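**Student:** Each chain, written out:
Number of protein chains: 2
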Amino acid sequence: MKLKEMPREALQQFYVEAKAEYDACKAKGLKLDMSRGKPEKQQLDLSNALFSLPAPDSYVSGGIDARNYGTMDGLPACRALFAELLGVKPEEVFAAGSSSLTLMYGLISKAFTHGLLHSTAPWSKLGKVKFLCPVPGYDRHFTICQSFGVEMLNVPMTADGPDMDLVEEYVKDPAVKGIWCVPKYSNPEGIIYSDETIARLASLKPAAEDFVIMWDNAYCVHEFSGEFVPFKEILTECRNAGNPDMVFEFASTSKITLPGAGVACFACSEANMAYMKKLLNAECISFDKVNQLRHVQFLKDRAGVLAHMKKHAAFMKPKFDTVIEFLDREIEPLGFASYHRPTGGYFVSLNTMEGCAKRTHQLMKEAGVIMTGAGATYPYGKDPQDANLRIAPSYPPIAELREAMHVLCVCLKLAAAEKLLG
Amino acid sequence: MKLKEMPREALQQFYVEAKAEYDACKAKGLKLDMSRGKPEKQQLDLSNALFSLPAPDSYVSGGIDARNYGTMDGLPACRALFAELLGVKPEEVFAAGSSSLTLMYGLISKAFTHGLLHSTAPWSKLGKVKFLCPVPGYDRHFTICQSFGVEMLNVPMTADGPDMDLVEEYVKDPAVKGIWCVPKYSNPEGIIYSDETIARLASLKPAAEDFVIMWDNAYCVHEFSGEFVPFKEILTECRNAGNPDMVFEFASTSKITLPGAGVACFACSEANMAYMKKLLNAECISFDKVNQLRHVQFLKDRAGVLAHMKKHAAFMKPKFDTVIEFLDREIEPLGFASYHRPTGGYFVSLNTMEGCAKRTHQLMKEAGVIMTGAGATYPYGKDPQDANLRIAPSYPPIAELREAMHVLCVCLKLAAAEKLLG
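Going down the list, the sequences are from chains X and R.
Each residue of the first sequence is one higher than the last, beginning at 384 in my numbering.
Each residue of the second sequence is one higher than the last, beginning at 384 in my numbering.
One or more of the hints may lead you astray.
You can't tell identical chains apart in this list, so a pair holds if it fits in one copy or across any two.
[Unchecked claim] With a straight-line Cα cutoff of 27 Å, these simulated DSSO-like cross-link-like pairs (lysine-lysine) come out:
#, residue 1, residue 2
1, Lys-683, Lys-424
2, Lys-765, Lys-660
3, Lys-661, Lys-741
4, Lys-385, Lys-693
5, Lys-741, Lys-385
6, Lys-661, Lys-748
If you're looking for bench data, these hints aren't it; they were derived computationally from the structure.
The model shown is predicted, which means the values in this text are computed figures rather than measured ones.
Isolated chain X, as found in the complex (with noise of 0.2 Å):
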């Protein structure tokens, strides 16, 4: 029976069982974390014949001896190899440290200071800019936007990615930079985007000349369930439609080999590629070449990466199953949740009732359970419906993950109750 539908008294009664419930999960003491999208241990074992890489006396890639400095923009086999995963030239590729947020952050700081290719000041002298934020997104994203003082818009998800008519209205504000985008599997429902929201993004006519779409890739080749799912290479969509440099890609391996530990790149139109290594030039006088051919004998090429893949499903796939396992039996029949079932990344987005996400946190917070801070998927950390939570099932093993899921239920009921009972 669907919770709201439920008669007062057979409400309170749900209450004190979904009470006693919670009750029992506190006397157990937990100390459970499902807060970020951190692998678990085995998953990392995966990658730990990196650390006898490079080969012995396999130093030099290309004519380029990897431990010397050099090369900024990256060793040509290791942008070969971005190149390929992302269906771009390896021209458009910039290899660099180990973190794809940082190249993100330091793309706005420098849009701060010194301007993108087509902008006519660095935003620093702007009264104000905004950028367009996918809700619910990634907190990561919001926080780069916060620290730099830009005003973030909410642009709600579809099925299909971002509200694209919201997206085109909002592009007519010259004050409006740029939008956030996970194209596949988004943190943190798992939604792919359609072909046509691609085409619509890379169609835009933004009024402000240096628009930005920040095109964070991060979950291209991370299926879980089935089959590599081909995505729509994003640079050409652009340079198709007049919009060659309206566009930065963003991926890394971090969740391929090794959270903050991998190779992290962006690709962009040979226009931007010039501009930015100038700029570049400043910072850096070459990144972790030696990792870069690391990477590369470990990985070596598409197919290795795939294959490589498809040995962290195995460890993931059984996660995101629990999830949805006590999610369809525990809190699908009582119909006041709704959630996505993704079949990559590594996240569930589950949207509870309304006005209950931070006291479900709470509650499973007093339960001993960690959990992303409600709110965290949106802006400023303020979910107007404060229901929005989002489950990262991977670094528990799963006898803990049960755990947590269970007490995740019950709090998710017992929340709702406590609202609907006022």
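Based on these hints, arrange chain R on the given structure of chain X.
**Tutor:** For chain R alone, kept in the frame of chain X given last:
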């Protein structure tokens, strides 16, 4: 006989001989590179043991799995290693990625976008920002300033470090926001700042409340001749002088292990650290802790680092001896040039006859020997005397270095003779 005292006829004869020698050099069709402070291949080989680290099943350090996200300020063991090297507390060290230059750029960039701890406004909001640049100095420091439109003021180096009378005068201007320092084996002269210079720097009373000493301790353990030379610990000096937050120190293992693939750090007061962590939290989830762990396992501790540097010295000393041998034999008796005799670092700084550095560089280039550009050791590439040349002997093997030094001496003579003949 001193060149300047030579009778015109003898000088003409000197010129003819130098020209003939130069033509003979040119005829060899050389291709030599003496441009950057890069270690040679055999020095890189000294660190190849890194490529089988971290050791199997040793990925957890201080309770932290180096392979996963987290611990933004760096692996405690790595912070402790740098703390021991620099003589500071581990809490004062932030262990980051592979480039200290990137950390320096990042600090200046954040000063512009956010301001430093004691800034009343981000520097981007100020009319003018000036920086003190001891000259000759490191071109990449100057490039950072130039990139941000910072006006650079030359401060001549003395045998004890920057001319402190001038520095103390300049800092009365509130637009003067900082100074670049390479306190040990300065780039390019190889000068070690005297204790008095360091004490005066730490005791500065700048008009700018957010004045920053950029303490680039790039060569802190980089003796190639003789034993380790202790250095004054600048954080303590500043704290004792009542300026605890006035300095950021930078270091890296780029010239201990691998250039561009080592580990870099900054050290600063705990108040600065708290401020920087808040800002860096928007930029990064965590730096490459695997490479940090790899370095800790390889270098172990200060004693391990110093022992390792002795191996570098075995390659470096003969090269610096070669440079000095040529200069002492070919140039010193002619009396038109002066040079330092460093015992550490990566460079020899040569001052030739005024107005001759560019011409010497051009002659060398035409003879197939690449040197650091004349003027590069000064802000904006403008050496007011057109006299300074930076010799970087580390990269070429000895046989090539001898050829390059021969060409350099010939070119120095030829350019000087041309100049005197008018």
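**Student:** If any of the earlier hints don't hold here, list their numbers in rising order.
**Tutor:** Going through the list in order, the structure violates hint 4 alone and respects the others.
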